[in-house]
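Spelled out, the chains give:
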Amino acid sequence: MDHTDDHLALEARALGVTFGSKTVLRGVDLAVRPGEQLALVGPSGSGKTTLLRALGGALHPTVGSVAIDGRDPASLDQRQLRAVRRSIGFVHQHLGLVPLLRVNHNVALGRLGERSLVGGLRSVFAPSRSEVHEIHRLLERVGIEEKLFERTDTLSGGQQQRVAIARALHQRPRILLADEPVASVDPARARAVIDLLTELAREEGLTLVVSIHSLELARASFDRLVGLRAGEVVFDRPTAAVDTRDFERLYQLDDTELLSDGA
Amino acid sequence: MAPEPPRSEAHGRPRRAPLPPSSSLVRNVGRRLLVTVGLALLALLAFTQLDTPLSGLVPGESGWRIARAFFAQALSPALDYEDPSPGYRPFLVKVALGVWHTILLAAGGMTLAIAVGSVLGLMGASAFWEDREGPRALRSLRLVLFASVRVAIALMRSVHELLWAVVFLAAFGLTPFSAALALSIPYAGTLAKVFSEMLDEEPRQPALALRQLGASRRCELVFGLVPGVLPNAVAYTFYRFECALRSAAVMGFFGLPTLGLDLKLAWFDLHYAEVWTYLYALALMVVVFELWSAGLRRRFVV
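Residue numbers (UniProt numbering), protein chains in the order written: chain A, 1 to 263; chain B, 1 to 302.
There is no bait here: all hints are sound.
Between beta-carbon pairs, the in silico distance windows are:
(1) B/S140 / A/R122: 30 to 38 Å
(2) A/S21 / B/E130: 19 to 27 Å
(3) B/P203 / A/Q252: 34 to 42 Å
(4) A/Y251 / B/E130: 32 to 40 Å
(5) B/F91 / A/R122: 45 to 53 Å
(6) B/S140 / A/R33: 38 to 46 Å
Hint data in this document are derived by calculation from the structure and do not stem from the laboratory.
C-beta: ideal position from N, C-alpha, C; glycine also.
Produce the complete structure using the sequences and hints provided.
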């Protein structure tokens, strides 16, 4: 379809975010087409998490604007904002799973956005057979189907990571945002988690934006890299066109940055 | 629209407070010393005002006699009336009925307390009111409501259930319902306070993750925050139930047919063996309840 070419899944225009006196993002422009996969790279404190949160409608920018499927979340009322958020699966760095619930319950909560309180309670205490099957299939897909009825906090960090991914998929989103999904996964498994995300996104036709601090991983798994440093976009190119000079610029430390570290 | 506070960033690294200058450290020590001396003086004052010389703690001749008679029966609690008359129900049935009525009163009071305490506990948590949008007037109204809930909780707790019982017995007469109501008010307040504090100490990340996927505020709290506090809340509720059992027994002193009434009457009749039976029944009831609730708690928490 031709008209989808100029339709963007995610867009940031001259985006700036300030917390108190601290500027976390400055003049960020970003356009993501539907179905596209890209990685945000940059040192910690460069603003990756904040950019993802802004793109997901979790925080409103101080200046500039965001568009999710063409709609600016800052202009929406609570009900519309909830609808927009339902279309975005977010895998948080801290996962945000409910530790004392079983794995199947945590995954079922992925659809809480479309449920009332009663519907949510029913999905936990008396889930429909078809939904349990769906959840089981999802867990199979992320490779931990044997954990279906385990309590979530008994799982390892990597397994919980997969639960969070399954929850995001159960939500049936159009866009998947993942914030440092491999930060708490050992390096050997990191590649597997990233591959899982990109594969799933491809299968489901999802737009995927992942923040990673490991350049190696980002380079190996994504066709487009966006480099962030001190809240600004340093480069935004196809991976093949990103050269070592770009990376040096991204990670070089100078005196001013050492002084203001922790932004 | 105002930007949200940088929550995720705030979790990043705890900022260490700068060391205060030495002069303020010295001032702190001085203030602490002042408070300590003040408290000590207050304790001294309390002792002198209470007007109880230590000699008053030594019982007189008759006191010794009663104590001896009472403790002499400790190992031989009554299994039948000490002073039986025809037409009385069997003694052990009477004890069982006393236990049963004590449990009923405690259960009635706790049912009310749990219902009211859970609602007030949720509404007394700051998580319930935070991050809500709306016009300024609505937000001010919410602040007022929040403050009123907190004040209501404090007021309910500030009056002991026995005082409520006195008030209600005067107002409604001697009914089990008024006693259960009296019991439920301070208990609901205590449960509400503890529940709301538990909720506010819970990590917010699960709830925020559910908000991010489009859940309503109600669902966010019920599924993101409540499950984390549930085991501790249940354990604490069981502990309060145990307290309610003791309180319900004591309410018998006002004439309700719980163990307290039996105990009081037996005492006045100088039937000390019967008194011991009631005391052991009370202790047994609490111990059995504790064993049972410990088992339930283990199932919940593991």
